[in-house]
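*Asks:* First to last, the protein sequences are chains A and B. When we follow numbering that gives the first Met the number 0, the leftmost residue of the first sequence carries the number 0, and every step to the right adds one. When we follow numbering that gives the first Met the number 0, the leftmost residue of the second sequence carries the number 0, and every step to the right adds one.
If you are wondering where the hints come from, they were derived from the structure by calculation, not from laboratory data. We treat Cβ as the ideally placed atom computed from N, Cα and C, and that holds for glycine. Worth double-checking, as some hints may not be accurate.
Within a straight-line C-alpha distance of at most 30 Å, the following computed BS3-like cross-link-like pairs (lysine-lysine) qualify [stated by the list, open to error]:
#1 B:K195 with B:K223
#2 A:K159 with A:K48
#3 A:K180 with B:K37
#4 A:K101 with A:K48
#5 B:K223 with B:K118
#6 B:K142 with A:K180
#7 B:K195 with A:K48
#8 B:K223 with A:K180
#9 B:K223 with B:K142
#10 B:K223 with A:K48
#11 B:K118 with B:K142
#12 A:K1 with A:K48
Here are the computed distance ranges between Cβ atoms for each label pair [unchecked claim]:
#13 A:R331 with B:N169: 17 to 27 Å
#14 A:S186 with B:D117: 32 to 42 Å
#15 B:E267 with A:R49: 22 to 32 Å
#16 B:R257 with A:R331: 37 to 47 Å
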Amino acid sequence: MKHQSIAEALREAIAEEMERDSDVFCIGEDIGVPGGFGGAFTVTLELEKRFPDRILDTPISELGFIGAAVGAAMMGMRPIADVQYSDFLFLAMDQIANNAAKLRYMSGGTIRIPLVIRAPVGATGRGSQHAQNMERFFIGIPGLKIVAPSNAYDAKGLLKAAVRDDDPVMIFEHKLLYGSKGARAESGTTNASSDIPDEDYVVPLGTASVRREGSDVTVLAWLLMLYESLAAAALVESDISAEVIDVRSLAPFDWKTIGDSIARTGRVVIVEEGPITGSVSAELAAGIMERFPDKLVAPVMRVASADVPAPFSPVLENMYRPDRQRIADALRAIVA
Amino acid sequence: MDIELTDSIEIASSYSRPFLLELYERMVLCRQFEDRVKLLFLEGTMPGTIHQSQGQEASAVGVCAALGQDDYITSTHRPHAHALAKGLTAEEMMLELFGRSTGCCKGKGGSMHIGNMDKGMVPAIAIVGGGIPLATGMALSFKLRQRAQVVACFFGEGASNEGAFHEGVNLASIWSLPVIFVCENNLYGASTAISKTTRVPRVSQRAQSYGIRGETIDGNNVLKVYEAVQRAAEECRSGQGPVLLELLTYRRVGHSRRDPAHYQDKGEQAFWFARDPIEMFRKSILQRGDLTEADLQTIDARVTQTIEDAIAVAREAPFPTADDLTQDVFSMELKS
Ligand SMILES: Cc1ncc(C[n+]2csc(CCOP(=O)(O)OP(=O)(O)O)c2C)c(N)n1
Numbered sequence: 000m001k002h003q004s005i006a007e008a009l010r011e012a013i014a015e016e017m018e019r020d021s022d023v024f025c026i027g028e029d030i031g032v033p034g035g036f037g038g039a040f041t042v043t044l045e046l047e048k049r050f051p052d053r054i055l056d057t058p059i060s061e062l063g064f065i066g067a068a069v070g071a072a073m074m075g076m077r078p079i080a081d082v083q084y085s086d087f088l089f090l091a092m093d094q095i096a097n098n099a100a101k102l103r104y105m106s107g108g109t110i111r112i113p114l115v116i117r118a119p120v121g122a123t124g125r126g127s128q129h130a131q132n133m134e135r136f137f138i139g140i141p142g143l144k145i146v147a148p149s150n151a152y153d154a155k156g157l158l159k160a161a162v163r164d165d166d167p168v169m170i171f172e173h174k175l176l177y178g179s180k181g182a183r184a185e186s187g188t189t190n191a192s193s194d195i196p197d198e199d200y201v202v203p204l205g206t207a208s209v210r211r212e213g214s215d216v217t218v219l220a221w222l223l224m225l226y227e228s229l230a231a232a233a234l235v236e237s238d239i240s241a242e243v244i245d246v247r248s249l250a251p252f253d254w255k256t257i258g259d260s261i262a263r264t265g266r267v268v269i270v271e272e273g274p275i276t277g278s279v280s281a282e283l284a285a286g287i288m289e290r291f292p293d294k295l296v297a298p299v300m301r302v303a304s305a306d307v308p309a310p311f312s313p314v315l316e317n318m319y320r321p322d323r324q325r326i327a328d329a330l331r332a333i334v335a
Numbered sequence: 000m001d002i003e004l005t006d007s008i009e010i011a012s013s014y015s016r017p018f019l020l021e022l023y024e025r026m027v028l029c030r031q032f033e034d035r036v037k038l039l040f041l042e043g044t045m046p047g048t049i050h051q052s053q054g055q056e057a058s059a060v061g062v063c064a065a066l067g068q069d070d071y072i073t074s075t076h077r078p079h080a081h082a083l084a085k086g087l088t089a090e091e092m093m094l095e096l097f098g099r100s101t102g103c104c105k106g107k108g109g110s111m112h113i114g115n116m117d118k119g120m121v122p123a124i125a126i127v128g129g130g131i132p133l134a135t136g137m138a139l140s141f142k143l144r145q146r147a148q149v150v151a152c153f154f155g156e157g158a159s160n161e162g163a164f165h166e167g168v169n170l171a172s173i174w175s176l177p178v179i180f181v182c183e184n185n186l187y188g189a190s191t192a193i194s195k196t197t198r199v200p201r202v203s204q205r206a207q208s209y210g211i212r213g214e215t216i217d218g219n220n221v222l223k224v225y226e227a228v229q230r231a232a233e234e235c236r237s238g239q240g241p242v243l244l245e246l247l248t249y250r251r252v253g254h255s256r257r258d259p260a261h262y263q264d265k266g267e268q269a270f271w272f273a274r275d276p277i278e279m280f281r282k283s284i285l286q287r288g289d290l291t292e293a294d295l296q297t298i299d300a301r302v303t304q305t306i307e308d309a310i311a312v313a314r315e316a317p318f319p320t321a322d323d324l325t326q327d328v329f330s331m332e333l334k335s
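The following block holds chain B by itself, in its conformation from the complex:
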């Protein structure tokens, strides 16, 4: 059951250069987006609260890279990387975070509810565990309509102690639904360590209780994640779902806002910070020989520009108006 966490990534020769660059770019986009948002937040220009995902890029990107355009994800209070990985643009997200009417949720959702159904992302559910039964229901619709789609349902290890997890997974299990339950185990639910909240050493072991397959993966190894989700998606599409994947990872930042994360153990931090998903991937792809430092720097710069452009657009974009306040409550207003 226990897995080895290495600090290098083995890359099969079958992976193409463009694919590897695409993974790299997505992860860098997630990281730079978060770092920039943090600054905007700390300088007080960005409203609301934020939960960031620095350090968890490999799981977001690895999962979404293995999904098709028609497949969906559900997300959590920590949704930025999931969104960028699923193909939302930095611009539509910046607009939303700045509360503008042209944001992906018209400024009504905000950081914790980022999403875009056209791109296969349900607005993030900020109630811990709340997205799990929802994903089960989405998969039920795929099954009843005989579609080949799957839904990847992101949640943290903390969510696996909510009733919603147990009920949602069990339902998906008895109906063999095409859901990949993706538990991003970053070892903490807010400030509380996983060791204090469950006696089961691995979240993936919980799959046994529901008669489904569970697997623990190095969540900082983007290719391991990608391959595991590919396998899981195939199983789901052939009627052998659901699957529970546990991705071991770590957040390099506080839980939210200005949290200094003093509850994280120093030695543990050192171990995980040395296993940064982007750094590991960068080192490994450079060893292949068909990719240079310059290639990656070009990508880094392009991403920086994309984000700065998005911020510039967002700062100038219109705010919602009084009329917008009461729009979108119902699909059809009943006259009263």
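Extracted from the complex, chain A is given alone in its bound form:
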């Protein structure tokens, strides 16, 4: 057993998978340059020393290297592609949406794309083009599996599950949860480290996890918002018993875990970092109303960002990003 940050746990997961299977390789910008960063958040730091031929530094060419990862995956390799900030996925959108997601279906099931794409999200004082929660743009693309680990244990287990899966899996990670150290350390971080077992394990794709039990209301959140939701639940605990679920799998949703909770609480608050319109929470809300209409005693509520690009000024960014206070207000409102 050891205690690790998300960055460390991901690094170890990648190393173990590369050790186990010579078809696994990493591809991305600045991921394995000696004296460099190990990717924007140190996840692949020094892995080039152990796997000199399988940590591939690329030019700044997202469409090119993600497309190449799709192609290599199609031939049976298991690439882990890394974009430095998830915002850059837009540059590779065609290869992800039109190729990776569709090739299996278009080929009548004859092609497999065992591809992993890792992408950091979240507003962190960098302005509008390095701040988006990009997961929203991918959940509606059939053919993609999507996860978002909020702690180191899950990060390692989900990454391993993703590498071993035969379909394209996108892993969205939060910049403020990595626990990156040194010159690449972030300020204003949340501790998401975990005890990590010594033995091999996976966290199955497609599963949510109850992080706090409660009976009055179900809170659905992932990544950084999970921590704000847990804090909000603690703030109101003298009056309200809130159950907090780490949604964790954004495609597909784990309707079983979510539905079981709603059957007990009858109320749902969904919390999301990112504009409220066209969001993951919108899809969750619609799905809940279609699946569990008889279980709800109150309309679903959402706490999300305003419909604006992520602003730079820390003052505005704090208004943009939902916080425990706003979530607590929603919890009080929904039980009122």
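For chain A, the structure is supplied; the task is to place chain B with the ligand on it using the hints.
*Replies:* What follows is chain B with the ligand alone, placed relative to chain A:
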């Protein structure tokens, strides 16, 4: 194709004393601004992240000095020197970097999106290569409206491997648009050396693929840059654009934040640090005889004062308010 990098600057007698002093002052402003911002950032008073341009002043200043008031520039994640060279004030920039509502982008842009359209600078585009097609479109508008304007599009050598570069340059080429593509080749894209990302020895050679003129220039020689951009601007204005200029230069600092740049080769650093654009220019203009050390010291002191004044103003300036968060998304709000 290969050019000689000298460590002295030849100054034609036709250059006036005020012009040379103006170039000197601009470059010193860029350097001092960056050095001061670095301190503010390291001491934790300045939010966000920064990409600095110490060592690249001659390219920013040389390019902008050859442009007119009506001409535009586009910039990158490393925009401070471009902005100061194009005439943005230290004050409007400090205000922005401090996230204040009176900054040049009202605190919504921040370091990576500094700009001011009234002064001919598009808010910097922090997606590598993202400004290139944009510049092509701006030049298209100049052509369709029969204006004599040009746009100088700054980007790094790393950006020349993005699809946006190839598509943007090709479009500008087939329509003979008035764009000067200014590649600041500082030998690294983040931590990755140019030798690892392209087999073409000179970025300017890529001009051939698009049937346009390309030229490599000593980017630390402010007059060489100035003259090259003057020529290119003339060509553009007479319908013979676009032109691709490659300015060889070097950054004296890390890629961003606290990056110690361990990936830079020591010998290479020594070579380039000895060719500091400001030091070279200083030495050369002092040899002319009509300028003294005292003249330059007066300028240095004036610049220091300007920057300190700007910081003082910025520290006291108001932050954006909750109302500001949702302003500026659209030119006209539709009632919902
Ligand atoms: C599309 C995209 N990919 C990656 C990045 C992350 N990134 C920011 S700057 C940079 C290096 C850019 O190198 P270059 O274009 O040579 O400019 P320089 O930093 O040398 O000024 C990278 C990879 C980005 N901002 N946008």
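*Asks:* Hint by hint, say whether it matches the structure.
*Replies:* Structure-based check of each hint:
For the hint pairing K195 (chain B) with K223 (chain B), the CA-to-CA distance comes to about 28 Å; that is within 30 Å, so the pair holds. For the hint linking K159 (chain A) to K48 (chain A), the alpha-carbon distance of about 21 Å falls within 30 Å, and the restraint holds. A threshold of 30 Å between alpha carbons decides the hint, and for K180 (chain A) with K37 (chain B) the separation of about 20 Å falls inside it, so the pair holds. At roughly 35 Å between alpha-carbon atoms, K101 (chain A) and K48 (chain A) are farther apart than 30 Å, so this suggested pair is violated.
Annotation: proposed proximity of K223 (chain B) to K118 (chain B) holds, straight-line Cα distance about 24 Å (limit 30 Å). With a C-alpha separation of about 50 Å, the suggested pair K142 (chain B) and K180 (chain A) falls outside the 30 Å cut-off, and the hint is violated. For the proposed pair K195 (chain B) and K48 (chain A), the alpha carbon gap of about 17 Å is at most 30 Å, so the pair holds. Between K223 (chain B) and K180 (chain A), the direct Cα distance comes to roughly 42 Å. Violation of the 30 Å bound is thereby established for this hinted pair.
Under the criterion of a C-alpha separation no larger than 30 Å, the hint pairing K223 (chain B) with K142 (chain B) is consistent with the structure, at around 28 Å. Between K223 (chain B) and K48 (chain A) the CA atoms are separated by roughly 42 Å; this puts the pair beyond 30 Å, and the hint is violated. For the proposed pair K118 (chain B) and K142 (chain B), the alpha carbon gap of about 20 Å is at most 30 Å, so the pair holds. Annotation: proposed proximity of K1 (chain A) to K48 (chain A) holds, straight-line Cα distance about 23 Å (limit 30 Å).
Taken as a hint, the range 17 to 27 Å is violated for the pair R331 (chain A) and N169 (chain B), whose Cβ atoms sit roughly 58 Å apart. Checked against the given bound of 32 to 42 Å, the beta carbons of S186 (chain A) and D117 (chain B), roughly 33 Å apart, stay inside it. Distance hint for E267 (chain B) and R49 (chain A): a CB-CB separation of about 27 Å, consistent with the stated range 22 to 32 Å. Remark: the range hint 37 to 47 Å for R257 (chain B) to R331 (chain A) is upheld by a beta-carbon distance near 42 Å.
Checked against the numbered hints listed earlier, the structure breaks hints 4, 6, 8, 10, 13; every other hint is satisfied.
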